[in-house]
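**Q** Sequence:
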Amino acid sequence: VQLQACGGGLVQAGGSLRLSCAASVSINSFNFMAWHRQAPGKQRELVAFISNTDSINYADSVKGRFTIARDNSKNTLYLQMNSLKPEDTAVYYCNSYNPRVGSRWGQGTQVTVSS
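One point on numbering: in the numbering used here, the residue at position 21 of the sequence shown is 21, and numbering is uninterrupted.
A portion of the hints provided could be inaccurate.
[Stated by the list, open to error] Pair by pair, the computed Cβ-Cβ distance ranges are:
hint, residue 1, residue 2, range
1, N72, G14, 27 to 35 Å
2, A69, G14, 15 to 23 Å
3, G9, K42, 14 to 22 Å
4, S16, E45, 14 to 22 Å
5, A13, D60, 14 to 22 Å
6, N72, L10, 27 to 35 Å
7, S51, S114, 32 to 40 Å
8, N52, G7, 18 to 26 Å
9, S114, S55, 33 to 41 Å
10, V101, A13, 35 to 43 Å
11, G7, S73, 16 to 24 Å
12, C6, N28, 19 to 27 Å
13, A69, Q2, 14 to 22 Å
Simulated from the structure, these hints should not be mistaken for laboratory data.
Since the model is a prediction, treat every value here as computed from it, not as a measurement.
Backbone N, C-alpha and C fix where the C-beta goes; we use that ideal spot for every residue, glycine too.
With these hints in hand, go ahead and build the complete structure from the sequences.
**A** Written as structure tokens, this is what we have:
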């Protein structure tokens with residue numbers, strides 16, 4: 001299983017970005033997929049989570065601004081990020097879990113929000 005994340009970049013505060021995470025296998029096989037992020041000097045944190053039954057959860061810090069979604073036909077996970085803040089600056093990682101292959105991580109994509 002390989003996950004390829006992209007879509008990061010430099011954006012001004014208040015702007016938007018959409019991250020994508022393409023899987024090398026059918027994402028229907030995953031129990032869940034998620035986006036995490038890690039800012040410099042901080043621990044990696046969960047940003048958003050979507051299960052194979054479409055149960056969704058968000059970190060309190062992104063609720064109302066970020067939306068996680070998946071397109072099973074494209075084997076791709078998305079993270080729509082609106083109203084970005086400088087504190088959203090981090091490397092964003094996608095993650096998947098399947099009980100047969102375990103947890104897999106994408107390579108990360110840098111998001112930088114300028115004030």
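**Q** Decide, hint by hint, whether the structure agrees.
**A** Now the hints, each set against the structure:
1. N72 and G14 have their C-beta atoms about 32 Å apart, which keeps the hinted 27 to 35 Å range intact.
2. Between A69 and G14 the beta carbons are some 22 Å apart, a value that agrees with the proposed interval 15 to 23 Å.
3. The supplied range of 14 to 22 Å is met by G9 and K42, whose beta-carbon atoms lie about 20 Å from each other.
4. In this structure the supplied range 14 to 22 Å holds for S16 paired with E45, their Cβ-Cβ distance being about 21 Å.
5. Between A13 and D60 the CB atoms are about 19 Å apart, so this pair conforms to the stated range of 14 to 22 Å.
6. Taking the beta carbon of each, N72 and L10 are about 31 Å apart, inside 27 to 35 Å as hinted.
7. Checking the proposed 32 to 40 Å range against S51 and S114 shows it holds: the Cβ atoms sit about 34 Å from each other.
8. Checked against the hint of 18 to 26 Å, the C-beta distance between N52 and G7 comes to roughly 23 Å, which is consistent with it.
9. One distance hint, 33 to 41 Å for the beta-carbon pair S114 and S55, holds here, with the actual separation near 34 Å.
10. For V101 and A13, the hinted distance range of 35 to 43 Å is satisfied, since their beta carbons lie about 39 Å from each other.
11. The beta-carbon spacing between G7 and S73, approximately 19 Å, falls within the hinted interval of 16 to 24 Å.
12. In this structure, C6 and N28 meet the distance hint of 19 to 27 Å, their C-beta atoms being roughly 22 Å apart.
13. In this structure the hint that A69 and Q2 lie 14 to 22 Å apart at CB holds, the actual value being about 20 Å.
Taken one by one, the earlier hints all hold for this structure without exception.
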